[in-house]
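Asker: Chain order of the listed sequences is A and B. Mapping the first sequence onto my numbering, position 94 (from 1) lands on 98, and the numbers just tick up by one. Mapping the second sequence onto my numbering, position 103 (from 1) lands on 561, and the numbers just tick up by one.
Hints listed in this document are in silico derivations from the structure and should not be mistaken for laboratory results. Where is the CB? At the ideal position from N, CA and C, for every residue including glycine. Hints are supplied without guarantee of correctness; some may be wrong.
Residues from chain A that face chain B, not an exhaustive set, calculated with beta carbons under 8 Å [as the list claims (entries may be wrong)]:
| no. | residue |
| --- | --- |
| 1 | D27 |
| 2 | L49 |
| 3 | P82 |
| 4 | I103 |
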Amino acid sequence: MSTKTEVRPVRIVLAKVGLDGHDRGVKVVARALRDAGYEVIYTGLRQTPEMVVDAALQEDAQVIGLSIHSGAHMTLFPAVVQELKRRKATDIVVFGGGIIPDDDIAALKQHGVAELFTPGTPLQGIVDWLRKRFPEGAR
Amino acid sequence: MRLVVDSIEYCAKEVPKWNTISISGYHIREAGSTAAQELAFTLADGMAYVDACLERGMRIDDFASRLSFFFDAHIDFFEEIAKFRAARRIWARWMRERYGAQDERSWKLRFHTQTAGVSLTAQQPELNIARTAIEALAAVLGGTQSLHTNAMDEVLALPTDKAARLALRTQQLLAYETGVANTIDPLGGSYFVEALTDEMERQAEAYFKRIEDLGGVIPAIEVGFFQKEIADASFRYQQELEQKRRLVVGVNEFTVDEEEPIDILRIDPKLETEQVARVRDVRARRDQARCSNALAQLRKAAAGTDNLMPYILEAVRAYATEGEIMNAMVEVFGIYTERAVI
Numbered sequence: 005m006s007t008k009t010e011v012r013p014v015r016i017v018l019a020k021v022g023l024d025g026h027d028r029g030v031k032v033v034a035r036a037l038r039d040a041g042y043e044v045i046y047t048g049l050r051q052t053p054e055m056v057v058d059a060a061l062q063e064d065a066q067v068i069g070l071s072i073h074s075g076a077h078m079t080l081f082p083a084v085v086q087e088l089k090r091r092k093a094t095d096i097v098v099f100g101g102g103i104i105p106d107d108d109i110a111a112l113k114q115h116g117v118a119e120l121f122t123p124g125t126p127l128q129g130i131v132d133w134l135r136k137r138f139p140e141g142a143r
Numbered sequence: 459m460r461l462v463v464d465s466i467e468y469c470a471k472e473v474p475k476w477n478t479i480s481i482s483g484y485h486i487r488e489a490g491s492t493a494a495q496e497l498a499f500t501l502a503d504g505m506a507y508v509d510a511c512l513e514r515g516m517r518i519d520d521f522a523s524r525l526s527f528f529f530d531a532h533i534d535f536f537e538e539i540a541k542f543r544a545a546r547r548i549w550a551r552w553m554r555e556r557y558g559a560q561d562e563r564s565w566k567l568r569f570h571t572q573t574a575g576v577s578l579t580a581q582q583p584e585l586n587i588a589r590t591a592i593e594a595l596a597a598v599l600g601g602t603q604s605l606h607t608n609a610m611d612e613v614l615a616l617p618t619d620k621a622a623r624l625a626l627r628t629q630q631l632l633a634y635e636t637g638v639a640n641t642i643d644p645l646g647g648s649y650f651v652e653a654l655t656d657e658m659e660r661q662a663e664a665y666f667k668r669i670e671d672l673g674g675v676i677p678a679i680e681v682g683f684f685q686k687e688i689a690d691a692s693f694r695y696q697q698e699l700e701q702k703r704r705l706v707v708g709v710n711e712f713t714v715d716e717e718e719p720i721d722i723l724r725i726d727p728k729l730e731t732e733q734v735a736r737v738r739d740v741r742a743r744r745d746q747a748r749c750s751n752a753l754a755q756l757r758k759a760a761a762g763t764d765n766l767m768p769y770i771l772e773a774v775r776a777y778a779t780e781g782e783i784m785n786a787m788v789e790v791f792g793i794y795t796e797r798a799v800i
């Protein structure tokens, strides 16, 4: 019998926050991450920061991936990080993607968003980043 | 569906020259569908609206001529032209043969076109001016009635004045310099375009059959058919990019090491506070009794079978906000929750 600790796949909640129907990217990312061996839960459109954090806690996710194309990232991304703080769940890693001007990226990272992927990012780039961040799966 | 039929029924009587609805394929295409899917799903939606109006007891020639469509113009030039031509052919045939429309105007599929936001790139964004011009040309050659050209910087933010003006000038250049709008269906008879149009039509008919087998458009939405078809197409497209089986200039080929940043529009956050203040001001100054009464009447009508348009219009005249009007109906109808299909 093996005594190896069981490695469970990293679980990721992907969400569209706010009033934003542009879900082509997030759906493609969801499939790519699933194909790469991650457990992916996609929330669907028009989620509030509270709903996203609820989903992540209920699903026992290690990662939240936020997709945004509405221009409201400077409001909504920090709101998700704040909500995680309020719920004492800061171990959950938040990353994001979408139309985010370069100038905003540094500011969002300061707010606690771990990484941001902008248009043209190869899917493998996101997978590589997750592999680096969670080299041993979800413990 | 009820609100759509209510609008069409109301306008047929009260605002007969109004284009009652814009039946859209744009969002379908931008969500990642193929050209054939955009064509088929949009027309299937259109026919579902027509069926619902007929079920209400309206006569086809009383409303069909005021329906309008809204398509995407993507980057595959001839495929797009074939798509527009196929749309017009299919609609005319269905209107005549299936619905028995007598008025020639009912046979005409009139459409607006917007160039494909999804085809634009954040990399070397000036290239988007060329992409948009080519897409706009396809729309004109395909017979569009009106046109929206995207600005090159809309991949990054809302457009600057300069980028928006360039997009408008692109249309004006097409309209006034090139002569391409002078001839109706200038590619009719081209062996290639005709064959492609037939192929588009064939693919659309195959989809109509599948939708019918599922019980129609609404049951097909409920089982996630459209969503799944679109998501599959979108993923295939992305994989073609990743594997370089499809090239996008500046993204997966012909890239530059250092992108030159361009100026983008920044929206002052003050705009939001100002707008909030304006809405508050309207709410404070309106005739509250008239407004609450209008909303109460709307709720009551929503629970019954009356046409809701007069009730909605009275609420608007009483300065109810869009949110309030919508919420009044939400109380009766509930909220549709999307089944997330990936």
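Asker: Decide, hint by hint, whether the structure agrees.
Answerer: Quick rundown of the hints versus the structure:
no.	hint	verdict
1	D27	holds (7 Å)
2	L49	holds (6 Å)
3	P82	violated (14 Å)
4	I103	holds (6 Å)
The structure does not agree with numbered hint 3 stated previously, though it agrees with all others.
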